[in-house]
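Student: Please construct the entire structure, taking both the sequences and the accompanying hints into account.
2 protein chains.
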Amino acid sequence: MEELELEKIAEEISALLEGKNIPKLKQVLTPMNPADIAVIFQEIDEEKLPFLYRILPKELAAEVFVEMDGDQQELLIRAFSDRELHEMLDELYMDDTVDLIEEMPANVVTRILRNCDAKTRQTINEILKYPKDSAGALMTIEFVSLIEGMTVEQAFERIKRTGVDKETIYTCYVTDRSRKLKGVVTAKDLMLADSGTIVDDIMETNVISVDTIEDKEVVAKQFQKYDLLALPVVDGENRLVGIITVDDAIDVMEEEATEDISKMAAVNPLEDTYFKTSVFKHARNRFLWLFVLMLSATVTGLIIQHYEAAIAAIPALVAFIPTLMDTGGNCGSQASAMIIRGLAIGEIKPSDYFRAVWKELRIALLVGLSLSLVNTVRVFLMYGSSIGEQNIPTYMFAIVTACAMLVTITTAKFLGCSMPILASKIKIDPALMASPMITTIVDAVSVLAYFTIVTTILSAYF
Amino acid sequence: MEELELEKIAEEISALLEGKNIPKLKQVLTPMNPADIAVIFQEIDEEKLPFLYRILPKELAAEVFVEMDGDQQELLIRAFSDRELHEMLDELYMDDTVDLIEEMPANVVTRILRNCDAKTRQTINEILKYPKDSAGALMTIEFVSLIEGMTVEQAFERIKRTGVDKETIYTCYVTDRSRKLKGVVTAKDLMLADSGTIVDDIMETNVISVDTIEDKEVVAKQFQKYDLLALPVVDGENRLVGIITVDDAIDVMEEEATEDISKMAAVNPLEDTYFKTSVFKHARNRFLWLFVLMLSATVTGLIIQHYEAAIAAIPALVAFIPTLMDTGGNCGSQASAMIIRGLAIGEIKPSDYFRAVWKELRIALLVGLSLSLVNTVRVFLMYGSSIGEQNIPTYMFAIVTACAMLVTITTAKFLGCSMPILASKIKIDPALMASPMITTIVDAVSVLAYFTIVTTILSAYF
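Same order as they appear, the protein sequences are chains A and B. No gaps in the numbering here: position 365 of the first sequence is 364 in numbering that gives the first Met the number 0, and each next residue is one more. No gaps in the numbering here: position 295 of the second sequence is 294 in numbering that gives the first Met the number 0, and each next residue is one more.
Hints are computed from structural coordinates only; laboratory data are not their basis. Don't take every hint at face value.
Because identical chains cannot be distinguished in the list, a pair is counted as satisfied if it fits within a single copy or across any two copies.
Unchecked claim - With a Cα cut of at most 25 Å, we get these calculated DMTMM-like pairs of lysine to aspartate or glutamate: (1) LYS159 x GLU11; (2) LYS7 x GLU156; (3) LYS187 x GLU147; (4) LYS424 x GLU6; (5) LYS348 x GLU255; (6) LYS181 x GLU346; (7) LYS424 x ASP35; (8) LYS7 x ASP116; (9) LYS280 x ASP250; (10) LYS159 x ASP188; (11) LYS57 x ASP351; (12) LYS280 x GLU346; (13) LYS224 x GLU66; (14) LYS159 x ASP98; (15) LYS224 x GLU258; (16) LYS159 x ASP193; (17) LYS187 x GLU141; (18) LYS165 x ASP428; (19) LYS159 x ASP250; (20) LYS220 x ASP98; (21) LYS159 x ASP200; (22) LYS280 x GLU141; (23) LYS275 x GLU62; (24) LYS47 x GLU62; (25) LYS181 x GLU62; (26) LYS220 x ASP193; (27) LYS224 x GLU45; (28) LYS159 x GLU147.
Tutor: What follows is the structure, encoded as structure tokens:
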């Protein structure tokens, strides 16, 4: 639903809550989508939230709960009786329960665990042992498993009997008696087959699966490459321990893109949303990189200082530094962004290094020549035929700036292309080799090149 | 499969091709996943590709075809007889056919259209009329539709009869006789219901759907918010015309993130992959922004030039400019990246403007004070007790730089936060208001602030 529409409903609900009109509230909320209800709940007065939540039918209530944010979840759990908590937990899928436990403070977690049955508690503890960001930590254990040798009819019976609590029934996993994964069969295959067919005959045996400790980024890539709806997770002995569904994979893709964008802007990725992260945490996540980059920029400053004499003689020289630094930074940022993204989505592989460098160098030449030309025009328009007290011929200054520009752009494109790829070769996240890092290096190189050229070509003037 | 593994198989296949060992080739390829086969095909000698392709069973061949890149698809189509082309097109889903037509050169398109049956040709023409990037252009028309009043048993019969050619059978769409969308029912609901139940009684009537002209970005967001597997597309009169499946939505999400990252780095988004885009196109996509930003940087240069006298008197002043410019650029880039991404994923809304500014200003204060402190230490370490021939006391220079730093960081965070949000308010893509654009403005502001402070506080020295 549109944001505006939801706001209107939220107002209506607030009014109904005021009047404690329970039947009407039920009537408005029950047909709505859980994700929309969760959005509306954000607009509701905190004190009234538990009351409103209790109006929802049990199953819908649990679905809404999963969509709510951590603060509201905590508020509700604190308001729940043990029995209510127990009932709600019964409705949750295992991966959602684990997410909840990871987000709640310790005393709430204790209460949650106390209200799970023993078997669930054991499973939760096992899942919590998997490394953060691993397939094991992401998976759910509510899947349909079939046993080798079953007929399609038996498979349907099993789905009917157990399917209601499963996160997906559209991909069914066929195992042997020792839980080893033998194949997958989709609900489509089952529905289109004769009821007497043995599932072994229609199952796909070339199964795409991941290990419990596989990184979630790899998991997300599998979904994308193979257009999967679910992916089985197996242990070291190929025993099926869980599945990951496509909705969770989509969330991982979004998180990964957000993390990359943060790193590319020299920010440590946030663990929470923008507004829920405190000012202090934001500052901390940004400070370290700024600190390192600021000190690195000192090098550029020292280079400039080294040419004090030239600057004192021709102050106009300094006016070109921002143009040079900004253009270098932008060129590096363009190349690195293209390469980092290409690496992230698999369009560029580390083995493509020389191909990419060759491409960037040719781009640098084209862009460099065009910009030098523009710059020459700019220089003549700004300065006329000569510059400064020394009457430096403008064409000489134009040559100096054009050369400096070419060196800067080539360096920027070369580093912007090389650093992310080389980083990925030595298993450093390429996203760290983005604009800020590259700009700092390009600045130093370009200023050095500029003054070297200046002191060579214009030496007669100071 | 892992890249290395695929490379090994590719080598094996090349060897088998050399020996024309068809039975063994069939045996190796047939159990493989289409996406993997397409990767292997990239390693195969172009001349031998049509021969190898013809070895695949018809259905698998079409699945592989969809996963291949445009150049190879074109090569195959040119090698196909009309009959082969016709057979292959028969196996494709409508959305894949449309994608193919959009990518092929005109003479190939003519051949494709000639080999479609009349009805398909008409549908293709209708789909091609939808705006690029709209839901209509993205959708497929192979869905399962049920009619109001059907029983679950009748629904199953219909699925069995027509389901084999549908892109998904897991979400079925219930319409009235005039094709108006009335509800959706999942395969899960059907499988868990009694066979005599009327579908109207179990269908969800609160249907999430999009209009044919809705932007694909909105489409992708719906998938994410509601955890959908498929989304119905309706025309202005709520008649069901197609569906979009989650695998296509995932591709859209990836494209959108890539586009945002490109724009944030001042590159016009590419239409093709990095390597398939020509050097000239790359250069063109990068030049315009560089041109604009280079000319804008001239303003900063002019400001510096305006303070020629100060620079000539105290050249050491210039050494601080890179530190100031880089820090400003990085701070702006951090804020804008956080805000742009927050807007893209819906964590930040345009109406949050003042909340965001207030947050960024406090972050700026924390970061600014910390960096000023670090900078003061740096200044004392570098210069000792006095600077330059004029013997400017270092503490005075430290005060000047600290003030300039605070002004720069505050401006950077303020603009980095404001510009994307204000852009989104006036319907400009916030991703354009990223690091390069903000850096250029911050540079001018910070250099101006710096020299204003310098000439005020240090005026006694020149």
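Student: Tell me, which hint numbers fail for this structure?
Tutor: Failing hints, ascending: 1, 2, 6, 8, 11, 14, 18, 19, 22, 26.
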